[in-house]
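**Student:** Here are the chains, one letter per residue:
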Amino acid sequence: MSYIARPKVSHPALARNDLGLTMRDYEGGMSTLCAGCGHDSITGSLIQAVFELSIPPHRMAKLSGIGCSSKTPAYFASSSHGFNSVHGRMPSVATGAAAVNGDLQYIGVSGDGDSLSIGIGQFVHAMRRNLNMLYLIEDNGVYGLTKGQFSASADAGSTAKRGEVNEQPAIDPCLLAIAAGCGFVARGFSGDRAQLVPLLKAGLSHRGFAMIDVISPCVTFNDHEGSTKSYRFTRENAFPIDHTDFIPPEAEIKADIGRGESQRVELHGGGSILLRKLAREYDIGDRGEAYRYLDARQGKGEVVTGLLFLQEGGADMHELSRLGETPLADLPYGRLCPGPDALAELQNRLR
Amino acid sequence: MQPTDIRNPDYFHRVVDCQWGCPAHTDVPEYIRLIAQGRYADAYMLNRQSNVFPAILGRVCDRPCEPACRRGRVEDKPVAICRLKRVAADLRGDIDHRLPQAPDEKNGKRVALIGAGCASLTVANDLAPLGYELVMYELLDKPGGLMRSNIPAFRLPVEVLDEEMDQILRMGIDLRLGQGVASMKDLLDNGGYDAVFVGTGAPKGKELNLPGRHDTQSVHIGIEWLESVAFGHLDSIGERVLIIGVGNTAMDCCRTSLRLGAKDVKVMARKPRGFFKASDWELEDAEEERVEIVVNHSPKEFVVEGGKLKGMVFELMEYDIDEAGKIAASRVAGEQFIPCDEVILAIGQDTAFPWVERDIGIEFDQWEVPVVDRVTYQSTRAGVFFGGDAAFGPENIIWAVEHGHQAAISIHKHCQGEPIAERMPAGMNLLAAKMGIHEWSYSNDYDAASRRAMQHMSLEKRFRKLDIEVELGFTPEQAAREAERCLNCDIQTVFEAPLCIECDACVDICPVHCLTIAPNGEEEELRERLTAPARNLDQPLYVSAELPQTGRVMVKDEDLCVHCGLCAERCPTAAWDMQKSELLVPYARHEATARPPMGSARRKEPQFDEGAGQVRSAA
Ligand SMILES: Cc1cc2nc3c(=O)[nH]c(=O)nc-3n(C[C@H](O)[C@H](O)[C@H](O)COP(=O)(O)OP(=O)(O)OC[C@H]3O[C@@H](n4cnc5c(N)ncnc54)[C@H](O)[C@@H]3O)c2cc1C
Ligand SMILES: Cc1ncc(C[n+]2csc(CCOP(=O)(O)OP(=O)(O)O)c2C)c(N)n1
Ligand code: SF4
Ligand code: SF4
Ligand code: SF4
Ligand SMILES: [Mg+2]
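Protein chains in written order, with this note's numbering: chain A, 6 to 356; chain B, 256 to 874.
Just so you know, nobody snuck in bad clues.
Listed below are the simulated SDA-like cross-link pairs for lysine to any residue, each with C-alpha atoms no more than 25 Å apart in a straight line: (1) A:K13 - B:R328; (2) B:K332 - A:R11; (3) A:K13 - B:A291; (4) A:K13 - B:P827; (5) B:K332 - A:V14; (6) B:K689 - A:I9; (7) A:K13 - B:G327; (8) A:K152 - B:P827; (9) B:K689 - A:C39; (10) B:K332 - A:R29; (11) A:K166 - B:P827; (12) A:K13 - B:L796; (13) A:K305 - B:Q804; (14) A:K305 - B:T805; (15) B:K397 - B:G433; (16) A:K13 - B:D702; (17) A:K13 - B:R790; (18) A:K13 - B:L785; (19) A:K13 - B:Q834; (20) A:K166 - B:P803; (21) A:K13 - B:Q733; (22) A:K13 - B:S705; (23) A:K13 - B:K689; (24) A:K13 - B:H693; (25) A:K152 - B:H693; (26) A:K13 - B:A703; (27) B:K689 - A:R11; (28) A:K13 - B:V329; (29) A:K13 - B:Q794; (30) A:K13 - B:P788; (31) A:K13 - B:D331; (32) B:K518 - B:L538; (33) A:K13 - B:Y697; (34) A:K166 - B:Q804; (35) B:K689 - A:V14; (36) A:K13 - B:E739; (37) A:K13 - B:A704; (38) A:K13 - B:S696; (39) A:K166 - B:P753; (40) B:K461 - B:E623.
Don't read these hints as lab results, they were simulated from the structure.
In isolation and in its complexed conformation, chain B is listed as follows (with noise of 0.2 Å):
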């Protein structure tokens, strides 16, 4: 194999799972260890520079980074990053005046942001201390989107939805609610903008259109149904309710029917365990309010009697699963009835654009998924940009937050005329984590502590309103706990083939067997000739420059690797060192001033700010 390219970026990026996996590049293991140390303010505000809304994501995120986690793979749980992430928020204490604030001055350009969801809150976010004047049209007539109309706030409290999104609307943006856009063309062609951002989310619920649908007032699409709960418009449901599918809408709404005096509610899941869409946590907090999941049920009909809904009837399915887990073969084995009162469908969202004109450059693909580049965000039309559940279809919140974030670089450049192709590339600091002779900068002994059970309202006391946070958060003795169970995997092993005598003392310190000295070779035998062989492919093999001595090389499997430092402190020569990587990200503001971000190191107290007056002088 090649040696290892550790300047590119993305080396050390990768190690470091949960930022990897973290759509917006949250630097997970520096907030943790800020938790740590009780500074939750700034774990607050460096959770703020990426994914914006902490205290909502620390509730509600899909968490992408906690399958990813490394801790996940060396034992069996991973680190708890999304609470520890609440934890920040909740005890932050005040932090207002370390927020990005607008300048007086206005830099003269004008964008629309279409909708007030997540994604356009960011987007806002990013160019609010720019000096954008800024303009978002909502619908409704709250702004928030789906994490208003949708997410119950039996998970996201609603004053702390308004909080996170004061801090951005409070920047002078211009918010028309109630005022849809009707015609996008009428918009481009006499609103005066000069760029427009569509985040209007993904508002179709699916349809299952099979015999007795429309025979009855007692089936719902579940996002409408959850909409009208949230805005106060229903507050009964029937007794028995069945859920159609299994994925996290499903969860609300079987939830959310509970606590409107559903006695009887059944989640209907056409495949078995295991193919579920919804994430593991949100089933088991289903499960916890001993909501029934009926598996291997496909819906056949509603029957319905003069108006009246009576049940479902459902096909029985069996499944053959093959040695790859997959489902190989499906076959209907019967039939079964089950009655109930009223039936919620949670089976999928689409996008729907019928306000946007066919005939003004904006395309559309065969599915009408508008067409919109993975970088930039911008339509086939020069100016017009999507982002969040509308650019690609349902996703989650960060997802939406990432998209904002690089359609804030794109309207940014394509407003000062420049190419919005041609983006900051991200950069990464490494520095030294050696403080002494046994001493880093960094808690590098494993704790064997396993994850903090997350506290939750009793059963008996939860229900009695539509609104009582079920997660009880941690507490900081609990999050200092839990701190503790993170591998700190950014404190990266940095290698330097020239000082290696080849001695062997890092091979054998080693607790996880990372490490090899063998002759080189190709990546698939060489993988099996290691000290553990390493057989997780998604995991990569650090390999150095030849060896001095020997001309073997090191290897690293960095899979399971717990950065302990044991290598680096056990090597004779210090060819071993342990470095804390620090991915730069660049942001609008950075593009702005044309000065890429720096990193933690070099920037004075208080850290983590987003340098707003460092951009009032660049607007």
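Chain A on its own, in the form it takes in the complex (with noise of 0.2 Å):
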């Protein structure tokens, strides 16, 4: 946390997006997290890329729980829309704002201790139900906000800042969606922007649920030795299996392809991304597969990153519900509320 606020003064040479917007436009309020928290560079690693995806700032809706993670929607695009509901409800609170408004895009961030514990049947279901919808979740071993007790995410055997041993198998948030039938699984790491920003970018580009499990050091209560969530630990076994590259389409012809082995994969919502393989050794789109690879390497103790699996085309939720396209705040005023010969008609119907 700072004293002073970030001042306003800014870079006169700052590079301007589609919208003549700079990054300074995609900025929030000052963050109250401790200095060097993971979660705030992943807050830095949403600006970089809803700034460059040109997103128009009132076209965007920031959905959150409870936790340090969750307070990170305040500190970005303070000019979007936002809701921080109560501790692993946000899945239901963006249900109902996809429901009546499908335009927008949806940013939830969440934590480990918002999805996985409290939360876990919600965040299951909202894949079920293919939310179109960005889902982080800014994963540190521990609920931070509470002060550090270990989370469903903690790795066997690993320790708290105290000492104290954790026995229970950590949940995995990415087995757990690729098993839920989400279609676009990957994982990040909060020090590792360039892997991160294509990856959200991806997301944001991706029609239906887009869960991302974003490794984030709490400098504070999991930092340290004997920590699986620690800066050093991920940096010394984080295994990324693919070298990922957002490429926007009217970019397309830019893209490097011809180096080496490299996978094409078009994207439901436009555009692409280009995967250089680096060591995948599966078919990203084989569901089976991928849960096994991962499965097998996470045995092993490494931290593996990247898109882990992705399946296009999938009927998302308003799809699926055969929900209207215009959203209810675009509808004029008489056919949203239609009056009492309406509603009595209604009534009628369902005596």
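Using the hints, build the complex out of the two chains.
**Tutor:** So this is what it looks like as structure tokens:
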């Protein structure tokens, strides 16, 4: 936390996006998280991603639950919509919002505690429903806000700052997402922006539920020896399976496709991603293989990062539930609120 | 790139743009902070150490610091550094007891100082406290050089000049007014001096030898004309005046003409705007007084009828300007006659040494300029030194002062039989600026205030007399506001690579995108890969050693850092820290005691004095 606010002064030659905005136009309030928190770096990556995609701030909705991670929406895009819900209940709020206004770009920011403990049921059902949103878990292996208790993503055998050993097995959100039918599953690391920003951009462009588990060290309670979510451990054990580059549709020709083996993946929402194969020994579109591969590598203590599974074209909640295309907010008042006669008729039908 | 060597005093010195831009290395941000605290006397004394004439320079300095000031790159206008200096002088109160003093007992060495301009006065300021016997020869009846004879009193009041000169002259300088040196050979052979300093300026105004030039009495050489006005020999001028040339001398000539009664004053420029030599602020001040600046007119001839000047013929110029903004080609597109009653030539000055014999070991180059060493200021004859405009041609007061400081060191070493080229190097102190968790020893919050405008005497009043000062100076309130605009460039960001955990907190918080963590590379290519490309090649990159976790490097582009300290506040491991740098500049008194400058932190109150006592024992 800093005493003075980040001054408004900016670099006079700052780049502008297609909307004529600079990165600074996507900033939010001053972070009140501990200095050095991984969550803040994810905020920085998010700002870069939405800036580069030229998303109009007023077309974004940021949603979260409770936790340090869930405070993130306050720290970027202060002119976007936002909803800070109850602990673990963000998916329900997001479902409601998306149902009535499918036109907004939904960004959910949650934590490992928020999504894998109290909110695990909501999280799984949001994937099953295939809500059209980017869903981030800022994963630090602890309940940061309540002072560092182990969370459900803490690895068995890892130790807390005071030395207690965690004996329960971890729930891996990526394995869970693959199993729950999610169409876009990735893992990033707050300390590797070169990888994270393209993943975020791809997730934002994916139609349907895009889940990214971002390892995000808690500098205060979980950055010690014995932690498996520290900066040092993650850097030493991170295993990027592919080099990810997000290429917006109009820039496709510029892509570096010639080098080595690569796989172009078209995204339903427009655009494509180019994957340069580093070590992937499976087909990114095969759910079973992806699950087996991940499970095996992680069993050896590796932190596998990158785009892990992708299946495009699945029907999202809007299609599945046959919801109207026009957001309720855009309906003329007479249609939105057709009056007492229409209500009486509806009630009659239900009698 | 190699990791930056921050132990080299030049590295952090260069970050303090104003101090780096100041020929005398005035510690600008420190004196601005002292002003902000209301410590005007301390601010004055700190200035005096390096620039000797704060009240004079606070009014008329050429201020190379201001175009250099970082604030001018971050937004458009630099801090009003020069005018803040004047505030320190205006509000300082009595500082007499803090000025250097000459010891009663002399050191037995005699030095002749030729010319009583700012260069010689600076040498006197530095050597008198060391016990030297100083004899100052001056051609004119009053001391001060061009500061008195040419810089008009409406810019520099005579009392201000006299007061600061007196601070030096009263240290027992043997000032011999009206005694120009007519023969250097005679002085060297019969004067009995251990060393001689030549500070005679560049006294010869340039001529414009066009047809008609010498057929009339109404064409004047600018610097001679200004001198006649300054000494009261001239108090009127014709109604219509043309000034030829558009440098700072031209600005003084046109404004002085208005005060002598001219009604229509035109400054005739050969080139377009943007190619003028005059500083922007001097042009502004002249135009405020309704002087007309006529561009693209090249003088062709003086039209004189029966000994009376009728006007001048000019060629109308056209220029092709290339992409770099330089003149690529020029041509004459016609001619124009402009009527006038008097013409003042303000097209430059040269040095002139008719009184220095050419067979006494003092060499001159093909342009009749003396051969002078750029570090020691010694001529080709040992013991004879040059400084100020006399050394390398016309410059300005602050350069003359710096020459004076350096020549004083050389003269001292020469007189003590020490090798003059072996000089004490400059040093650099770094002092912690952290006072508490979110507390720094300086005002780190960026203040978006714009530059304070200087109040001027009304147009109606200022022409009533020749010596009504136009600028009124800042009030304490204006000064306090302006002081907050300073970015404290001397509060340095200092990086400790082994502590960094590469969390990106500093990179994200920096409001001006100075910081990047990236794989190392060659400078040219690295500059393009930064968070914001570093395209100002005049500003260095600060590159760390390899970071412990990934082997990447932390790179800081110094260009636009506003020294807000947020990087240091956000850093969880204190890898970034804010530390105050203090350049330690040695003067003759440090050479004399063989004790390098200590810096303010270790000096006892009252601060920033010039240590006369300390020197007395050594002499
Ligand atoms: C019109 C004008 C305006 C200027 N305005 C500014 C300004 O606003 N700011 C700024 O920084 N600079 C300004 N300058 C430049 C500045 O005045 C000079 O650079 C500076 O005064 C040089 O100092 P000096 O000590 O080298 O020489 P000078 O100031 O020229 O002093 C030399 C002295 O030596 C004397 N002398 C000459 N020959 C002999 C001899 N043989 N024996 C004894 N004495 C001799 C002269 O009479 C004179 O008093 C201006 C110059 C001019 C002409
Ligand atoms: C219903 C409810 N139960 C418990 C809490 C207490 N609580 C606040 S934050 C939190 C855990 C947050 O952990 P995580 O989502 O991992 O966020 P982090 O702070 O680690 O980023 C808990 C249990 C609460 N606020 N509300
Ligand atoms: S902002 Fe202050 S310290 Fe920086 S260059 Fe300007 S005056 Fe000097
Ligand atoms: S002090 Fe630090 S955060 Fe502030 S502008 Fe400079 S580098 Fe950026
Ligand atoms: S905030 Fe400190 S630890 Fe984090 S990247 Fe910057 S210097 Fe390194
Ligand atoms: Mg957590």
